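With the hints as extra help, turn the sequences into a complete structure.
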Amino acid sequence: MSFGYITPLSENVERQSINFKNRYGLELAGNLYYAKGLDIKEKHPALIIGAPYGGVKEQGPAVYGNELAQRGFVVLTFDQANMGDSAGEPRRVSSPGLFAESFSAAVDFLGVEVPFVDRNKIGVIGICGSGGFALAAAAVDPRIKAVATASMYDITDVRGMMNLSDEELNKMKEELANQRWEDYASGIPEYKPSFPTKPYPNVDALPEIDPITNEWNRFYAVPRGFHAHARGNFTTTSNLAMMQFPALAYIDEISPRPILFIFGDHAHSRAFSERAYKLAKEPKEMYVVDDCEHIDLYDRVDKIPFNKIKQFFDEAFVKED
Numbered sequence: 173m174s175f176g177y178i179t180p181l182s183e184n185v186e187r188q189s190i191n192f193k194n195r196y197g198l199e200l201a202g203n204l205y206y207a208k209g210l211d212i213k214e215k216h217p218a219l220i221i222g223a224p225y226g227g228v229k230e231q232g233p234a235v236y237g238n239e240l241a242q243r244g245f246v247v248l249t250f251d252q253a254n255m256g257d258s259a260g261e262p263r264r265v266s267s268p269g270l271f272a273e274s275f276s277a278a279v280d281f282l283g284v285e286v287p288f289v290d291r292n293k294i295g296v297i298g299i300c301g302s303g304g305f306a307l308a309a310a311a312v313d314p315r316i317k318a319v320a321t322a323s324m325y326d327i328t329d330v331r332g333m334m335n336l337s338d339e340e341l342n343k344m345k346e347e348l349a350n351q352r353w354e355d356y357a358s359g360i361p362e363y364k365p366s367f368p369t370k371p372y373p374n375v376d377a378l379p380e381i382d383p384i385t386n387e388w389n390r391f392y393a394v395p396r397g398f399h400a401h402a403r404g405n406f407t408t409t410s411n412l413a414m415m416q417f418p419a420l421a422y423i424d425e426i427s428p429r430p431i432l433f434i435f436g437d438h439a440h441s442r443a444f445s446e447r448a449y450k451l452a453k454e455p456k457e458m459y460v461v462d463d464c465e466h467i468d469l470y471d472r473v474d475k476i477p478f479n480k481i482k483q484f485f486d487e488a489f490v491k492e493d
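Just so you know, we're using the working numbering here: the sequence shown kicks off at 173 and counts up by one.
A portion of the hints provided could be inaccurate.
[As the list claims (entries may be wrong)] 25 Å max Cα-Cα, derived PhoX-like pairs, lysine-lysine:
#: 1; residue 1: K475; residue 2: K491
#: 2; residue 1: K480; residue 2: K456
#: 3; residue 1: K480; residue 2: K491
#: 4; residue 1: K453; residue 2: K208
#: 5; residue 1: K345; residue 2: K364
#: 6; residue 1: K450; residue 2: K482
#: 7; residue 1: K213; residue 2: K482
#: 8; residue 1: K482; residue 2: K456
#: 9; residue 1: K453; residue 2: K482
#: 10; residue 1: K450; residue 2: K491
#: 11; residue 1: K456; residue 2: K491
#: 12; residue 1: K343; residue 2: K370
Hints listed in this document are in silico derivations from the structure and should not be mistaken for laboratory results.
All figures in this text were calculated on a predicted structure; none of them were measured in a lab.
Shown next as structure tokens:
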């Protein structure tokens, strides 16, 4: 296995490499998926797929692109700025505003550069950490007509994820702020990857750490999901940006556009979807997948409810006719 795309491309699907710029002038790398034989003289609905936080387009988004193209959608996947094949220096620097912007930049591209896309029928799907960024983008970009999240994480909720006391939070801020001096002095921001440069041969070879890290490793650190561009984590001081701007602050403003929250019944992250659901206004829906953990919604085609996703967006787009 070459550790490129984690899923084979269907013989019924076309995949094209694309590039488009965000409003900061950074060029993002992506793929465009659509069914072979698609009538390009007609207008078709489109979906934008965001990768898990630290992931790349060749992983989960490739699975979604391949499947949803076969269900009639034009699908755009992309690498976040500073990640994968996209531009941006230093590498692996994250920012909630920058990452939300990528979704709107993808809408720009679809609406201008792809003549067979219906501008009034563009939706987004955020996997894991992209779920929060997709919601943040939709809150201010009404061109996004519907949003679905899968195994959503709100990466900007650093305080909640780490369950920090006030004292611990202040200590963390001080350490991160001091790290900025270290980064400036060295000229290179500190980056500590989570995953190996080469995958373990199988899950039995993985080290035992803690339950959540063990789960990440069962995807990212073995051939199932390994990619050389997805080493895990971002630069250390990226957490300061995440602590500064909460992604869900304006989730209620997505209404009356619909939101679908998908998560597994065994997902360690389900609380993020449940909280976001409470914050959102109608129309909104939760869809719980049985016997399913967080990472299963990255690539398990037997678990990801693609037919439900199609139904959700079809119904949302009917309102735009």
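For each hint, the structure was consulted:
1. K475 <-> K491: violated, 28 Å
2. K480 <-> K456: holds, 14 Å
3. K480 <-> K491: holds, 17 Å
4. K453 <-> K208: violated, 38 Å
5. K345 <-> K364: holds, 18 Å
6. K450 <-> K482: holds, 24 Å
7. K213 <-> K482: Holds. K213 to K482 sits at ~22 Å (cutoff 25 Å).
8. K482 <-> K456: holds, 16 Å
9. K453 <-> K482: Holds. K453 to K482 sits at ~22 Å (cutoff 25 Å).
10. K450 <-> K491: Satisfied, since the Cα-Cα distance of roughly 24 Å is no more than 25 Å.
11. K456 <-> K491: Between K456 and K491 the Cα gap is close to 15 Å, so the pair holds against 25 Å.
12. K343 <-> K370: violated, 34 Å
Checked against the numbered hints above, the structure violates hints 1, 4, 12; every other hint is satisfied.
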